[in-house]
Amino acid sequence: MLLIRCPYCEMERPELEFRYGGEAHVARPLDPMATSDDEWADYLYFRSNPRGLHAERWRHINGCGRFFNAIRDTVSDKIVVTYKAGEARPATTGEIA
Amino acid sequence: MKFSALSVFLQGLKGNRDWPAQWRTPEPKAAYDAIIVGAGGHGLATAYYMAKEHGMRNIAVLEKGWLGGGNTGRNTTIVRSNYLWEESEGIYEHAMKLWEGLSHELNYNVMYSPRGVMMLAHNIHDVQVFKRHVHANRLAGIDNEWLTAEQAKEFCPLLNIERNIRHPVIGASLQRRGGTARHDAVAWGYARGADRLGVDIIQNCEVTGIRRDASGAVSGVETAKGFIATKRVGVVAAGNTSVIMGMAGVRMPLESYPLQALVSEPVKPMMSCVVMSNTVHAYMSQSDKGELVIGAGTDAYTSYSQTGGLHIATHTLDAICELFPAVRRLRMLRNWGGIVDVTPDRSPIIGKPPVPGLFVNCGWGTGGFKATPGSGHVFADLVARGEPNAIAAPFTIDRFRTGRLIDEAAAAAVAH
Ligand SMILES: Cc1cc2nc3c(=O)[nH]c(=O)nc-3n(C[C@H](O)[C@H](O)[C@H](O)COP(=O)(O)OP(=O)(O)OC[C@H]3O[C@@H](n4cnc5c(N)ncnc54)[C@H](O)[C@@H]3O)c2cc1C
Ligand SMILES: [Zn+2]
Chain A
512 MLLIRCPYCE MERPELEFRY GGEAHVARPL DPMATSDDEW ADYLYFRSNP
562 RGLHAERWRH INGCGRFFNA IRDTVSDKIV VTYKAGEARP ATTGEIA
Chain B
12 MKFSALSVFL QGLKGNRDWP AQWRTPEPKA AYDAIIVGAG GHGLATAYYM
62 AKEHGMRNIA VLEKGWLGGG NTGRNTTIVR SNYLWEESEG IYEHAMKLWE
112 GLSHELNYNV MYSPRGVMML AHNIHDVQVF KRHVHANRLA GIDNEWLTAE
162 QAKEFCPLLN IERNIRHPVI GASLQRRGGT ARHDAVAWGY ARGADRLGVD
212 IIQNCEVTGI RRDASGAVSG VETAKGFIAT KRVGVVAAGN TSVIMGMAGV
262 RMPLESYPLQ ALVSEPVKPM MSCVVMSNTV HAYMSQSDKG ELVIGAGTDA
312 YTSYSQTGGL HIATHTLDAI CELFPAVRRL RMLRNWGGIV DVTPDRSPII
362 GKPPVPGLFV NCGWGTGGFK ATPGSGHVFA DLVARGEPNA IAAPFTIDRF
412 RTGRLIDEAA AAAVAH
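Chains as they are written, first to last, in this note's numbering: chain A, 512 to 608; chain B, 12 to 427.
For reference, chain B alone in the conformation it holds in the complex:
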């Protein structure tokens, strides 16, 4: 069914009882042309574009839990493209352009809201780094501008720019096209789109092994629902990537860390943009439900626990209360964690490990939601054609051997 104003109206008359299921719940076939492991936003987008743009209809997405239940459904939904290096600008801006038309593309409201993302500078080092980003972005044709503290306050009246706080705001950079999108809707929209093109999305189907033939090439996957044959496997499993790649004997330059977020009780609209601060490590925006969505940091140690230390979250709240005194008396409703896969240079890996038929898209770490459409789009191209396109090409695993790192530690210094 296609969603339209008319369909919403007619279903409304019937008490919304007759909406059809938005995707099937198929049992796995014995074999597929390609299998994507992980039904997060990136995996679902990959399958969608493989079907839509490369005509691959005999494919499946395998998910150990429920679709969108990983980092996709746990993230704070910040979308922006003002990274430092050309390689990053290439992929994040590619994603940004796709965000702009995504609701129409999918016939699904992903609630992309370009409300502006403002990053605060608190010291001279921040000022230098952000101005460098502003200039680099403008050279690449990507919007990003420098604001004084007063202009920052004008853009976000909630902000405290008093000089007498522990880390005073002395300026900010602003990407007006940045903003937020509804995380669940992104997973659901891509799932529905892929399903309609014939992709089998199989939930509760953990991949437990990767089978290889005598030549070493991939011949299928072992799963909770039995063996499934395929010659092409695309791993898009975020925090669990090292574990799955280990099944094929591949070591990865990754470490998995818990990253937390929390939301307040819902209140009337009080904040119309996103504000981030690397230095005090906090960021905040307001959801359409009215909750303030707050991002905290990663724990120091690697973990798969999907939870994090309380001191990490309270540390962030200290900073939030100083930057936004108006929220001091709000209660926090929920706090949760996700497991993010971090690379040494804070840039993703979109590549071909040395196992024929195996592909991997990972390392998005604390900031991959924003890339979802672009990541899926270029990874679909890689899995379908076997070779990376120009946007994906710099993000090889081999860069850790050659030294051609894409260092975005400054852009990604805050977990977002």
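Just chain A, with the same shape it has in the complex:
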């Protein structure tokens, strides 16, 4: 089970308090009518699914209830950093596995 630091509560809590929300920074196209089928499919279905650092959304559902982002190494499952929703993806270097 993961230990996840909520950047709002500023506490490390067990994974059971959170809900996973998929890849982070996947922005909905602002003008759907002007979006091609390929772009729309990419937004809906295609994911980076990296073996290494992954930016992902979590929600502290049994805590403050808020969404935030985490960068996790998908090989070791270690969370490198968590940051508030709306903040840019922090610079992280290489894998930490």
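Just so you know, the hints here were simulated from the structure itself, not pulled from any lab data.
Hints may be right or wrong, so weigh each one.
As the list claims (entries may be wrong) - Pulled a few chain B residues facing chain A out of the computed Cβ check, cut under 10 Å:
1. Val145
2. Asn251
3. Tyr312
4. Asp352
5. Asp356
6. Thr407
7. Phe411
8. Gly414
These figures come from a predicted structure and were not determined experimentally.
From the three backbone atoms N, C-alpha and C, an ideal C-beta is built for every residue, glycine too.
Since the structure of chain A is already known, use the hints to place chain B with the ligands on it.
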């Protein structure tokens, strides 16, 4: 060597010391007509049928670890074909027909055992969904039947159908031709069969890059054992598909999740069928060794760790103990995870990405073992001829752009 009752007897007299190796351990050649990446069941079956049915003998299967060491050797071996849509019925039933003759085809006992797969309904929604599956399957000529709770108990006496449990059983669907097969034997049987037809199976040979020529077409692969030239690459790498396709600059509609299973200590025969429950998320069968084989769920997050959270496994055991009170005091012997490649519609991808010479067979997610022979058979056809046949055709990558999804989320709601 061909296996027969006589060969087993004669080897027995010699203390089983003289069995020959079942496949060679070749070094890679400089070039091949085609390369399959991934020596799981699907990749090995692909190579076998390419050699057997398409006469392609100058081909290799590259495997980063040992053959069958991925999901093929980690799965809970449930085989069935009662999916909802015609497209799925086409491929899973194609596989089922091949299972029926596979041990003879390969001269290798894959221990295919059509012992019946029963799926439990616990609420009105389950009843509606399963009855819909039963009717759809029967229209397609695939066996599937509806049972009352009492009939379900008759079929599996171990089952608890008391009304006072958290999720009482109120009915079930049963596919009698469904069952199990020995996962390792499937990989070994196909490996031996392919090797005998001249296919080079190269283990400990991770693919680290895909080289393309000036026109963009595939010209070879970089591997742990150096560069190997080829104009055709078939990627069959389950949980690692996104990584390998990324080497050719192709993005995939896939996410990789850990999926777990566990086995109990071995006990005398107590369960002669497979029972699955989507709603409480648990399923169980008994192996010939006597271990109860139990399938748990996927973790919430993507991962390549080949392990999963303990709470996922214990959650499944809660459900198992309620459905089968007789197993409450059994100890669990082993627990492990595999990385499964999941598509948005829970159906596989058998297709040609927009890179000439590149083919991919993936997205089988939590339930591709059952498809192994059929998947290998139709993918061999695609790699050999360059075009998908009628069974494979609906499973393009393009369906995510056109919207022609094959939604099997209900059929695949439990990871199997
Ligand atoms: C716990 C668990 C239970 C399951 N239960 C069932 C079930 O009951 N019924 C069912 O139908 N399905 C089940 N499945 C799903 C099933 O196991 C898979 O869908 C199926 O095995 C996929 O077959 P494969 O040959 O594509 O994959 P794999 O056997 O995983 O083969 C892929 C191979 O590619 C290799 N590879 C990866 N990257 C590279 C690289 N860069 N270079 C070279 N080789 C590489 C891997 O090492 C691996 O050997 C289960 C899966 C799990 C994990
Ligand atoms: Zn919080």
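Structure-based check of each hint:
1. Val145: violated (30 Å)
2. Asn251: Asn251(B) check passes; min Cβ-Cβ to chain A is 7 Å, inside 10 Å.
3. Tyr312: For Tyr312(B), the interface hint holds, since the closest Cβ of chain A sits about 5 Å away, which is under 10 Å.
4. Asp352: holds (8 Å)
5. Asp356: Constraint on Asp356(B) satisfied, holds at 9 Å.
6. Thr407: Because about 12 Å separates Thr407(B) from the closest Cβ in chain A, which is outside the 10 Å limit, the hint is violated.
7. Phe411: For Phe411(B), the interface hint holds, since the closest Cβ of chain A sits about 4 Å away, which is under 10 Å.
8. Gly414: holds (9 Å)
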